[in-house]
Amino acid sequence: MNNLCTDIGYQSVNKFGEQLCGDRVEIIDQSDENHVVVLADGLGSGVKANILSTLTSKIISTMMANGMSLENCVETIAATLPICEMRKVAYSTFTIVRTIDNREAEIIQYDNPQLILLRDGKNYDYPKTAMEIGGKTIYKSKIELHENDFMVFTSDGAIWAGIGSAMNFGWERDQIIEFLEKMYNPEFTAKTMSALLLDECCRLYGGKPGDDTTVCTVKIRERRSVNLMLGPPRDPKDVNKMMSLFFAKEGKHIVCGGTTSTLAGEFLGKPVETLLDYIDPEVPPIAKIEGVDLVTEGVITLSRVLEQAKGYRDADAIYAEWNVKEDGASLISRLLVDEATDINFFVGRAINPAHQNPNLPITFNIKMHLVEELSELLKTIGKRVKVSYF
Amino acid sequence: MKVTVCIGSSCHLKGSRQVVERLQTLVAENNLKEQVELSGKFCMGNCQNGVCVTVDDALFSVSPDTVDDFFKTNILAAL
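Going down the list, the protein sequences come from chains A and B. Mind the numbering: the first sequence is residues 148 to 537 in my numbering, read in order. Mind the numbering: the second sequence is residues 2 to 80 in my numbering, read in order.
Watch out, some of these pointers could steer you wrong.
With a Cα cut of at most 30 Å, we get these calculated DSS-like pairs of lysine-lysine [said to hold, decoys possible]: (1) K34(B) to K417(A); (2) K34(B) to K472(A); (3) K435(A) to K384(A).
Label pairs and their computed distance ranges (CB to CB) [what the hints assert, rightly or not]: (4) K329(A) to E35(B): 50 to 56 Å; (5) R460(A) to S40(B): 36 to 42 Å; (6) F61(B) to A395(A): 37 to 43 Å; (7) K3(B) to P428(A): 22 to 28 Å; (8) L60(B) to L415(A): 23 to 29 Å.
Hints are computed from structural coordinates only; laboratory data are not their basis. Even glycine gets a Cβ: it sits at the ideal position worked out from N, Cα and C.
Just chain A, with the same shape it has in the complex (with noise of 0.2 Å):
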């Protein structure tokens, strides 16, 4: 058990005109330490390439996963995949990419262009050594991993971008690098780096992709909590308790809601300052007490962190304006989305006396409901997270 972890990310585009993505990734969690990820890339487009590299994906990584070897793998994989009508070939590229303990790195690549890693922001050479199964080259590597690195793969989508118009023959391996190192910053998430190759490619295909493209990222990056509270607890008595535990929680600390941030100030001893600064007309403005990091109002801000958290699942954005912004719900979602892996939510059930008019649309409902919705949420977009009730 070390501090680190692995941040997984990817995106695809479809070949213009086409419904289906005939690229693939797989990614199965042995357990928080051990990952499998497997992008295949089918043969051709549309549904003969979807369903390709849909069950090389899966294959591999399903056998993988359970221990098997990688002369297996692939034996079961000519074996199985459906031949191709027109090319009488069965056929689907893929990298394999396996962390152990989130400090080594198995790395199995069959003809996608080569995996790039980054290592302190710079290109790093890896050893790589060819193998022969069935006939086909696979190069196989085993390497040590640092905090930080990037591990950066494609499907020659990806390569082929800008062909014949941006550029003679597309952009090389090089040139990714290239554009990777300049984009680099170890801040960014895996799903951040898959998103802005991916876009600069799409940019360079004028937005019209010539073939399906994916880019998958996988980070190691250090563990860090983020720990929220909303809501004062149901029964008046166990106010110490949960702000005890609350404030015991290692990493940042985020007080959410009027009354909570009153109480938390009562804790610490520490006056609530409120600004009165409106960056978004939307968001309340924030609150400073020493000792917490950020202080702000509890459901209006939170159901905007919610609707942000879905844009960043969903890829709406890569540049999303909560990226930059300033007000409460922005802030929380970066600590959230871009800096934590470990998220505890410490929610208080008190009902709010005032809240419960009929006149007003905050209910206590609503505020269980948004919890539970931001809590699942994040686990989508690989977040542990956890919920306590008091």
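We have chain A; now place chain B onto it with these hints.
For chain B alone, kept in the frame of chain A given last:
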């Protein structure tokens, strides 16, 4: 004089921002920045009557429509 506007959830929905911005403008227009300290506070526990505003310790209920009158009667007149 200290004027505090509630910016808690329900007062926010009832228009705290408009009240805050209008008060900021009025205070500036009347050159009262030295005399009137504007501040915010999360929930004053009186949500039904929002937007809650206190002038020193007296509690008032203000809405974006009544903020100008409120300023005249309770701030300007009281100075």
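Hint check:
1. K34(B) to K417(A): 26 Å, holds
2. K34(B) to K472(A): Between K34(B) and K472(A) the Cα gap is close to 28 Å, so the pair holds against 30 Å.
3. K435(A) to K384(A): At roughly 25 Å apart (the allowed maximum being 30 Å), K384(A) and K435(A) satisfy the hint.
4. K329(A) to E35(B): 50 to 56 Å: 51 Å, holds
5. R460(A) to S40(B): 36 to 42 Å: 38 Å, holds
6. F61(B) to A395(A): 37 to 43 Å: 40 Å, holds
7. K3(B) to P428(A): 22 to 28 Å: About 25 Å separates the Cβ atoms of K3(B) and P428(A), which means 22 to 28 Å holds.
8. L60(B) to L415(A): 23 to 29 Å: With Cβ atoms ~26 Å apart, the hint holds.
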